[in-house]
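**Q** This is what each chain is made of:
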Amino acid sequence: MANQKILSPLPGIFYTKPAPDQPAYKSHGDSIQAGDVVGLIEVMKSFHEVKSQVSGTITGGIVENESAVMAGQELFDVEG
Amino acid sequence: MTIKTLLIANRGEIAVRIIRAARELGIRTIQVHSDADTESLAVQMADVAVNIGPAQSSKSYLNTEAIIKAATDNHADAIHPGYGFFAENADFADAVLAAGMIFVGPDGDTIRMMGDKVSARQVADKAGVPTVPGSPGRINDMHEAQWLASEIGFPVMIKAAAGGGGRGIRIVDNMEDFSHQAPQASAEAQAAFGDGGLYIEKFIERSRHIEVQILADGDNAVHLFERECSLQRRRQKVWEEAPAALLPKNVRSALCDAATQLAKAVGYCGAGTVEFLYDDRSQDFYFIEMNTRIQVEHPVSEMITGIDLIREMLLIAGGAKLRHAQSDIIGKGHAIEVRINAEDPAQNFMPFPGVVSDLTLPGGPGVRFDGLIYPGYAIPPFYDSLIGKLIVWDEDRNSAIERLKRALREMKIGGIKTTVPLFRALVNDESVRRGTVDTKWLEHWLETNSAKLTLEEDKAI
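Chains A and B supply the protein sequences, listed in that same order.
Throughout the first sequence, residue numbering follows this note's numbering, covering 1 to 80 in sequence.
Throughout the second sequence, residue numbering follows this note's numbering, covering 1001 to 1461 in sequence.
Because the hints were derived from the structure by calculation, they are not lab data.
Don't take every hint at face value.
Claimed, not checked - Computed list of lysine-lysine pairs in DSS-like fashion (alpha-carbon distance at most 27 angstroms, straight line): (1) A:17 <-> B:1440; (2) A:51 <-> B:1417; (3) B:1417 <-> B:1440; (4) B:1059 <-> A:45; (5) B:1440 <-> B:1452; (6) A:45 <-> B:1440; (7) B:1440 <-> B:1202; (8) B:1126 <-> B:1004; (9) B:1202 <-> A:45; (10) A:45 <-> A:5; (11) B:1264 <-> A:45; (12) B:1405 <-> B:1452; (13) A:17 <-> A:5.
Claimed, not checked - Here are some chain B residues pointing at chain A (derived, C-beta under 8 angstroms): (14) 1054; (15) 1055; (16) 1056; (17) 1342; (18) 1351; (19) 1353; (20) 1371; (21) 1374; (22) 1383; (23) 1384; (24) 1385.
The structure displayed is predicted, hence computed values, not measured ones.
Glycine included, C-beta positions come from ideal geometry on N, C-alpha and C.
With the rest of the complex left out, here is chain A (with noise of 0.2 angstroms):
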């Protein structure tokens, strides 16, 4: 199957997790449906909820919990 990734909607800070004492959304070999909350990104200060776009099976984070990233940008490896 393809390799697939998800890609950040927003520039930002990412966050992998809801909050900081909770876990992350999803985590390496999580299974996922397109629609399924993979992050969030805060963007000036208001927080947006992260889709993946793909459906498929997280094999790898590409970014830190908490990393400034671009539009665009990728998140997580997907293979589906």
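Based on the hints, put chain B in the right spot on chain A.
**A** Structure of chain B alone, referenced to chain A:
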């Protein structure tokens, strides 16, 4: 000790504003910045720029150690915190002092006292400043809370003692709702602020937000009249004026005197703002809180009084006494400020960072722009969406609105979406022109008028 070298522990338009005031006083400026702000206007303008860390505020603008190190390495004798970030952080103020420098603002203990809503309220009560009927202190017991809520009368507001900026507030209409929501609010406050302390106060249903600008030197305090900031969206101010046009003369002087009294009672030093709720039907005003810093909307007070507030802050921090007696401070004409944010008002104010492709700023008499943008500047996505403030002054409120309308027509910011179309629509609105708005008005207006915002977008010079 007069300040010779000032470090600006902030970014954006307020950093630019502080550099301008410092330069006029012959003060050397050091601008700290993150990786994302190397191209900022403040960095270009300052005498020295120091990179203090990555884009994330927590690792740069909120990194005490890096800021203090930048200051001592470059022989700063003072730090101006601006607004936001460390401006109302007592520990930071203490750290600046401990490093042998001046903090441009009140001391850590004053910030602590006025920053806690419960202790601020107690101070106001003692100084004879009216407060909203509510719990005398923090609520520790639910039975006591229920008894108090019924004494005060519904609707009541449940507030987090450590909250701020409109966060941690719930409005409840009856006892059943109250018994259900109060424990939840406490748990939420514990999670958000690390402090589950609550207090309750009467909810004033239709109120205006009126605040008084204070300058004080530790011994004496004066006011620079009031500002009205009732046009708000999600409890964020978008349009501010000075003076509050509909305030009767006797109420104005009582309000301004109350604020001055409060500042004197706490031995306040520096610039500060005392915020009030004003009920224009009963003409009652109630103290809400004191902000121990310069505020975004300070220019409207400068425009009607002719006093440069940042300059006065720097002089007072350097040890000077107040240069103006109360009788020397005259409010003349009317000023309006609108906040230009990089947001798309036609898309529910979605943040819109990006590159400013071209820029035409308005000019002419009575027009001022305090900004951070220039053609080609890439607005970073990591910080506040405020990119500038358009401020106008004229002889009276009606002509100030006409001047604002004219200035908004001249203004052109290419490449990004901004809140300019919102203001182009508001200057034509009857309620805005009459001044009959309360703090809920704009949100209701937006529900039915968002189509106007798309139309206004296409209008240019």
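**Q** Each hint needs a verdict: does it hold in this structure or not?
**A** Hints versus structure:
| no. | hint | verdict |
| --- | --- | --- |
| 1 | A:17 <-> B:1440 | violated, 34 angstroms |
| 2 | A:51 <-> B:1417 | holds, 24 angstroms |
| 3 | B:1417 <-> B:1440 | holds, 25 angstroms |
| 4 | B:1059 <-> A:45 | holds, 15 angstroms |
| 5 | B:1440 <-> B:1452 | holds, 19 angstroms |
| 6 | A:45 <-> B:1440 | holds, 22 angstroms |
| 7 | B:1440 <-> B:1202 | holds, 17 angstroms |
| 8 | B:1126 <-> B:1004 | violated, 39 angstroms |
| 9 | B:1202 <-> A:45 | violated, 30 angstroms |
| 10 | A:45 <-> A:5 | holds, 26 angstroms |
| 11 | B:1264 <-> A:45 | violated, 36 angstroms |
| 12 | B:1405 <-> B:1452 | holds, 15 angstroms |
| 13 | A:17 <-> A:5 | holds, 19 angstroms |
| 14 | 1054 | holds, 7 angstroms |
| 15 | 1055 | holds, 4 angstroms |
| 16 | 1056 | holds, 6 angstroms |
| 17 | 1342 | holds, 7 angstroms |
| 18 | 1351 | holds, 4 angstroms |
| 19 | 1353 | holds, 6 angstroms |
| 20 | 1371 | violated, 16 angstroms |
| 21 | 1374 | violated, 19 angstroms |
| 22 | 1383 | holds, 7 angstroms |
| 23 | 1384 | holds, 6 angstroms |
| 24 | 1385 | holds, 4 angstroms |
Taken one by one, the earlier hints fail for this structure at numbers 1, 8, 9, 11, 20, 21, listed in ascending order.
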